[in-house]
Amino acid sequence: MTLRLYDSKARALTDFTPMVPGKVGVYVCGPTVQSSPHIGHLRSALVYDLLRRWLSYSGYAVTFVRNVTDIDDKILINAAESAFTPNPEEWWALAYRVELEFTAAYNAIGVMPPTYEPRATASIPEMQAIIARLIEAGHAYATDDGTGDVYFDTASWADYGELTHQKAEDMAPAADSESRGKKDVRDFALWKGHKEGEPETAAWVSPWGRGRPGWHIECSAMSTKYLGTQFDIHGGGLDLRFPHHENELAQSRAAGDAFANYWMHNGLVSVTGQKMSKSLGNSIFASELIASARPVVLRYYLGAAHYRSNLEYHDGALEEAEAAVSRIEGFLDRAERRLAGTRFAGTSELVIPQEFRDAMDDDLSVPQAIAVIHETVRTGNAALDDEDFAEAATLLGQVLAMTEVLGINPLAPEWAGASGGEAERALGTLVERLVSDRETARKSRDFTTADRIRDELGQAGISIEDTPSGAHWSLDG
RNA sequence: GGCGCCUUGGCGGAGUGGUUACGCAGCGGCCUGCAAAGCCGUAGACACGGGUUCGAAUCCCGUAGGCGCCUCCA
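Residue numbering for the first sequence follows our numbering, beginning at 1 and increasing consecutively.
Think of the hints as simulated: they come from the structure by calculation, not from any bench.
Among the hints, a few may not be true.
Capping the alpha-carbon separation at 30 Å, the derived lysine-lysine pairs in DSBU-like fashion look like this [claimed, not checked]:
| no. | residue 1 | residue 2 |
| --- | --- | --- |
| 1 | K278 | K74 |
| 2 | K23 | K195 |
| 3 | K278 | K195 |
| 4 | K23 | K167 |
| 5 | K195 | K183 |
| 6 | K275 | K23 |
| 7 | K167 | K74 |
| 8 | K183 | K275 |
| 9 | K183 | K167 |
| 10 | K195 | K225 |
| 11 | K74 | K183 |
| 12 | K23 | K183 |
Just the calculated beta-carbon pair ranges, DEER-fashion [unchecked claim]:
| no. | residue 1 | residue 2 | range |
| --- | --- | --- | --- |
| 13 | E414 | F447 | 21 to 29 Å |
| 14 | T164 | W473 | 53 to 61 Å |
| 15 | L411 | D170 | 50 to 58 Å |
| 16 | A137 | T103 | 21 to 29 Å |
| 17 | A291 | L427 | 49 to 57 Å |
| 18 | H472 | A258 | 52 to 60 Å |
| 19 | T164 | A291 | 44 to 52 Å |
| 20 | A132 | G228 | 43 to 51 Å |
| 21 | R308 | A426 | 44 to 52 Å |
| 22 | E288 | A412 | 41 to 49 Å |
Source: prediction; values computed, not measured.
We put the beta carbon where it would ideally sit given N, CA and C, even for glycine.
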């Protein structure tokens, strides 16, 4: 079975065929670094991280580009507003600080660094080149009102609306009072002339006067700069379909580029039934999430729903994810302990079951893929109960392989907390001593003492499990 | 007004024209000194009304409710 993806332009599941056999170019719209990352940003990044990992696992050489839009209206506004706070910040400092926050959040949940992460401000000449081609082709115009603005001429492009299947005349006219020079309310800015009061550092020389790029043009420039004028997959959040992606597509195609072959859009995250928004004050920030759950649990939670589904965040969701991850972790841990010292230790082969492969190939059906993991965990636990170590070793390898591909192997080194070193060793020594005392008490059938020790450890956040090979202790998750 | 999406058991969340997704929580059992973990078993669902069909939760139409985009947004 080959990979099928839902192409939101075609509005259908389609077989994925790369332009060049064995190679895939993916462009994903990264954040506009205007304020701190929230749960939606994490989900979006994770979705394409899973896509990228699955493509890589499937044997493709993946060039994965995710941009950072580090110049736009909001960044300038937020920086300007900071002038009235105790910590005033230049727009470029704000953008960079926020970009670092994003990087930290991505790293925290195991989103792999992209092949390249271009910043919009580093591709101004490429943007200008596209704008020049558009003007040349009659699809863009510089206004004559002295603003230095350049707009895309939507009326000149018959296919405008092809991505979201809307007719231009049906679109609600946007009351864009500031743009007097527009020929049509649907025309969008390619270049914004420098305005009085805006930072000099936010203006670049151009044939149409000093100014800065409009929103949308940066992605046309960066995607084609690094992936070519035609490339395989373009992804982003569902809320970017219109106008952002529609406009990207229009300007790139009008400029003569074939652009993306497949369009993917991930579902949004909602809170209490509604999309997060600043005005509602219901944003769940990445920092809050990272503080309230283990990173691997967060990754599991954000990835567990299908990427095109809306994901509803609610209280208790992370606890449920923690329980699910603990179950997987429990099997891996138990299997490795039980197999240690047998001839099956270390013999597990990292094999991915066909069912898992089929699920992932079917438009990245992660929920079904995870179901396969859980089923394998169950049969693996049963094999351990039956002391069928050959079978257990096989299933252990499968679970490891599947969780590795999704980046949710709880025992993987990347999730290991900062090891306490000496403190950890000291704790271990003390606990081992108590566990040993308890074993002695149990052997002499002094269960009062044994239970007291277990209770005391429990109150300290340490749980005890009695197994055929002795007691096992662990810190509560 | 236009373009779309959603409504599944206590919760989360898949899927699909005819067979238990999966996880969490619940109940019964096995195991255990008792637990924990694990295993086995079990209950419970497809918003509502029509239609197509041998058969629909799954396709079509309608109704109700909810959501997204059309304005900055992952």
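Practice task
Taking the numbered hints from earlier one at a time, note which ones the structure violates and give those numbers from smallest to largest.
Solution key: The structure breaks hints 2, 4, 6, 8, 12, 13, 16, 17, 19, 20, 22; every other hint is satisfied.
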